[in-house]
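> Okay, here's what each chain looks like letter by letter:
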Amino acid sequence: MLKKIIYILIILILGSAVAFFVFKSEPKLNPNFEAENSFFKNSQFRLGLDLSGGSHLIYKADVSGVPGGEVSASMDALRDVIERRVNLFGVSEPIVQVQNSGFVSGEDEKLIVDLPGVTDVEKATAMIGQTPLLEFKIEAPEGTPQEVTIDKDGKVVLDVESQFVSTELTGRYLKKAILEFDQTTREPKVSLQFDDTGTKLFAQITKDNIGKMVAIYLDGAPISTPVVREEIPNGQAVISGSFTPSEGKLLVGRLNSGALPVPITLLSRQTIGATLGSNAVTAGVKAAIIGFLIIALFLILWYRLPGLIAVIALCIYIAIILALFKLLPVTLTAAGIAGFIISIGIAVDANILIFERLKEELHSGHTISDAVSAGFHRAWSSIRDSNISTIISAVILFWFGTSLIKGFALTLGMGVLVSMFSAIVISKVFLSGATFIGENKVARFLFSSGSSK
Amino acid sequence: MFIIKNKKIFLSISAVLVLCSVALLFIFPLKIGIDFKGGALTEVVYTSSRPAQADLDNVFKTLDLGSVLIQPTGELGYIVKSLDLNEAQHSLLLKTLSENGKSPLEEKDFNSIGPSVGRELTRKAIIAIILVSLAIILFIAFAFRKISRPVSSWKYGLMAVVSLLHDVIIPIGLFTLLSHFYGAEVDTLFVVAALTILGLSVSDTIVIFDRIRENLRNANKEIFSETVGKSLNQSYMRSVFTSLTVIIVLLSLFFFGPESTKYFALMLTAGMFFGTYSSIFLASPLLVLIEELQNKSK
Numbered sequence: 001m002l003k004k005i006i007y008i009l010i011i012l013i014l015g016s017a018v019a020f021f022v023f024k025s026e027p028k029l030n031p032n033f034e035a036e037n038s039f040f041k042n043s044q045f046r047l048g049l050d051l052s053g054g055s056h057l058i059y060k061a062d063v064s065g066v067p068g069g070e071v072s073a074s075m076d077a078l079r080d081v082i083e084r085r086v087n088l089f090g091v092s093e094p095i096v097q098v099q100n101s102g103f104v105s106g107e108d109e110k111l112i113v114d115l116p117g118v119t120d121v122e123k124a125t126a127m128i129g130q131t132p133l134l135e136f137k138i139e140a141p142e143g144t145p146q147e148v149t150i151d152k153d154g155k156v157v158l159d160v161e162s163q164f165v166s167t168e169l170t171g172r173y174l175k176k177a178i179l180e181f182d183q184t185t186r187e188p189k190v191s192l193q194f195d196d197t198g199t200k201l202f203a204q205i206t207k208d209n210i211g212k213m214v215a216i217y218l219d220g221a222p223i224s225t226p227v228v229r230e231e232i233p234n235g236q237a238v239i240s241g242s243f244t245p246s247e248g249k250l251l252v253g254r255l256n257s258g259a260l261p262v263p264i265t266l267l268s269r270q271t272i273g274a275t276l277g278s279n280a281v282t283a284g285v286k287a288a289i290i291g292f293l294i295i296a297l298f299l300i301l302w303y304r305l306p307g308l309i310a311v312i313a314l315c316i317y318i319a320i321i322l323a324l325f326k327l328l329p330v331t332l333t334a335a336g337i338a339g340f341i342i343s344i345g346i347a348v349d350a351n352i353l354i355f356e357r358l359k360e361e362l363h364s365g366h367t368i369s370d371a372v373s374a375g376f377h378r379a380w381s382s383i384r385d386s387n388i389s390t391i392i393s394a395v396i397l398f399w400f401g402t403s404l405i406k407g408f409a410l411t412l413g414m415g416v417l418v419s420m421f422s423a424i425v426i427s428k429v430f431l432s433g434a435t436f437i438g439e440n441k442v443a444r445f446l447f448s449s450g451s452s453k
Numbered sequence: 001m002f003i004i005k006n007k008k009i010f011l012s013i014s015a016v017l018v019l020c021s022v023a024l025l026f027i028f029p030l031k032i033g034i035d036f037k038g039g040a041l042t043e044v045v046y047t048s049s050r051p052a053q054a055d056l057d058n059v060f061k062t063l064d065l066g067s068v069l070i071q072p073t074g075e076l077g078y079i080v081k082s083l084d085l086n087e088a089q090h091s092l093l094l095k096t097l098s099e100n101g102k103s104p105l106e107e108k109d110f111n112s113i114g115p116s117v118g119r120e121l122t123r124k125a126i127i128a129i130i131l132v133s134l135a136i137i138l139f140i141a142f143a144f145r146k147i148s149r150p151v152s153s154w155k156y157g158l159m160a161v162v163s164l165l166h167d168v169i170i171p172i173g174l175f176t177l178l179s180h181f182y183g184a185e186v187d188t189l190f191v192v193a194a195l196t197i198l199g200l201s202v203s204d205t206i207v208i209f210d211r212i213r214e215n216l217r218n219a220n221k222e223i224f225s226e227t228v229g230k231s232l233n234q235s236y237m238r239s240v241f242t243s244l245t246v247i248i249v250l251l252s253l254f255f256f257g258p259e260s261t262k263y264f265a266l267m268l269t270a271g272m273f274f275g276t277y278s279s280i281f282l283a284s285p286l287l288v289l290i291e292e293l294q295n296k297s298k
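Chains as they are written, first to last, in our numbering: chain A, 1 to 453; chain B, 1 to 298.
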């Protein structure tokens with residue numbers, strides 16, 4: 001008996017500790033939040049874009065120019081570049097992720113950018129789109145048909161585009177760019193230093209093209225077309241064009257923040273205003289509290305003592321799941337909050353199955369403590385099987401979903417798993433502890449349920 | 001057991017409900033949202049007064065933005081539906097809505113989805129629906145694999161799926177009404193709701209099948225229909241209560257929860273309700289019906 005009471009105390013203390021953590025780490029609940037240490041401060045709920053406001057952008061990356069095996073590497077490079085770019089603008093906690101092509105996600109390589117707090121789409125897309133695309137092109141082999149047009153003055157114009165062909169060398173292999181001034185002419189020039197791969201590529205290109213032009217393209221337009229005099233093995237190139245010192249400085253800044261390894265186009269944008277989001281949070285919290293209160297009332301009125309225990313177990317369940325949301329952390333969306341609220345309803349299901357079974361065992365003449373253990377034992381198979389189907393749906397939804405659906409699937413799936421634990425372990429410890437009140441009439445009344453006496 | 005005795009009546013009620021829902025689908029086709037077909041949705045709120053809708057309509061006709069649909073929302077707002085917009089088109093739209101700055105406004109929500117993103121989501125949704133259904137059939141067949149007499153285990157799976165379809169089709173039928181009268185659109189959450197109903201409604205059916213499974217183990221020479229009737233009698237209350245608790249939170253979500261999940265909550269409520277109905281009045285009676293048909297054919 002003493003052992004049972006110790007178990008109950010342990011669970012109550014652990015449960016309160018978890019609840020205390022949730023309370024301490026929530027600025028709206030804790031008046032002294034600012035004075036708390038960083039562990040509590042860093043454990044606030046992480047709200048998704050639809051709740052905090054912000055922009056959600058989906059870009060398509062054009063990887064047609066990248067050799068098959070290197071697609072994934074250049075997508076990772078693209079992500080790093082965009083991440084740096086976004087960080088330059090001081091957005092808090094941006095999320096930049098690659099969605100590779102595949103059977104499920106379609107044939108496009110995509111880049112998904114979440115910018116919390118940025119509601120100005122124009123500004124958001126500009127800060128990403130400004131990144132320069134640096135390419136090195138070589139002269140087309142002789143005999144390549146060249147496009148010639150005759151302009152209105154009757155002059156023959158050679159189309160520059162058809163003169164050059166792309167090489168593998170792009171801004172992806174750039175290590176750094178520096179603004180320099182020519183010793184003699186005082187003209188500004190930008191010197192480039194390639195990384196190891198870029199150095200090899202550049203050496204090969206210059207070796208193969210001695211006496212020919214190499215064109216340096218920026219954002220699809222040639223900015224410099226120097227003639228190669230000799231092989232350059234050290235990976236250094238110079239862009240000397242007709243630009244002013246301030247243009248040169250800007251170019252260096254843009255190149256250093258990262259040139260885009262592959263071109264991107266914007267496919268889809270979503271912007272949510274901050275007020276819409278905070279209203280949704282308030283409404284979600286209200287719905288959760290009201291739902292919880294009605295369920296608690298129902299459980300206590302209908303199931304009496306076991307009902308009260310179920311309510312305590314439900315409180316501990318809510319504390320555990322909220323703490324998990326904070327610690328993992330789980331990004332909460334409106335759909336995610338809905339998933340959590342539904343999980344409150346599902347969490348008591350296991351208790352109901354157990355209590356109904358308990359009542360049945362009592363009716364068939366068992367003692368209270370026998371009935372309690374039989375109730376748990378016999379209800380287990382239906383609790384397990386009925387929850388597995390929900391978990392199956394949640395797992396598949398999580399696997400396929402966009403970020404908003406993932407939030408729902410994750411909170412629902414976690415809810416079902418944690419609630420199985422809380423119903424089986426927590427309720428069981430409490431209920432077996434409660435059998436100490438004996439076998440008298442009052443006890444049987446407390447353990448019965450519904451309209452029975 | 002009353003339900004088993006009158007099983008034909010209850011089976012007919014379900015059949016009629018399903019047929020009505022399918023008919024509704026044909027009468028009021030579902031409105032597909034921009035999540036799936038691509039397009040843009042802009043919600044603005046004016047700070048002082050909102051310009052007349054007809055004026056805006058006329059201006060938009062002269063612009064090169066394709067068809068633009070303006071709907072009033074709240075006291076001072078408009079929701080504007082259009083084709084998907086690039087940055088230039090988006091600022092043109094905002095400029096037009098604010099009448100070149102004369103009517104100051106705040107953009108609350110902007111969502112522009114390219115057609116290829118919509119196609120991707122459609123494909124994902126279809127794959128997910130197929131996978132969830134398959135996984136649940138397999139799971140039920142597995143969970144009830146030890147029962148083979150008098151009805152084989154895969155038939156339990158089949159019955160669970162029949163009731164599952166019933167549980168999903170009826171809420172979709174109700175949604176067509178919402179779609180027709182309140183402008184609800186098929187969006188991502190609609191698909192999530194349908195898939196969640198698949199998972200939740202089958203859990204009720206499992207509670208009752210689990211009892212049948214247990215009683216069959218102990219039943220010696222009992223008639224199958226009696227075993228099913230007894231199992232129903234013993235477990236229908238808990239099936240109702242487990243759904244009731246979920247319906248309570250769903251209704252709370254519908255009445256007090258965020259705007260964006262209202263239809264979602266309503267559809268799930270309908271799914272839970274019919275899920276409970278079908279696990280009591282459809283799945284188990286169907287099992288008995290199958291067993292009787294088996295006996296006749298012998």
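Derived by calculation from the structure, the hints in this document are not laboratory data.
Be a bit skeptical, because a hint or two may be false.
Keeping only pairs whose Cα atoms sit at most 25 Å apart, straight-line, the calculated DSS-like set for lysine-lysine is [claimed, not checked]:
hint, chain 1, residue 1, chain 2, residue 2
1, A, K60, B, K81
2, B, K37, A, K60
3, B, K81, A, K123
4, A, K406, B, K37
5, A, K60, B, K124
Owing to the predicted nature of the structure, the values given are computational and were not obtained by experimental measurement.
> Work down the list of hints and note, for each, if the structure agrees.
Results for each hint:
no.: 1; hint: A:K60 to B:K81; in the structure: holds (23 Å)
no.: 2; hint: B:K37 to A:K60; in the structure: holds (18 Å)
no.: 3; hint: B:K81 to A:K123; in the structure: holds (22 Å)
no.: 4; hint: A:K406 to B:K37; in the structure: holds (21 Å)
no.: 5; hint: A:K60 to B:K124; in the structure: holds (18 Å)
Consistency note: the structure conflicts with none of the earlier hints.
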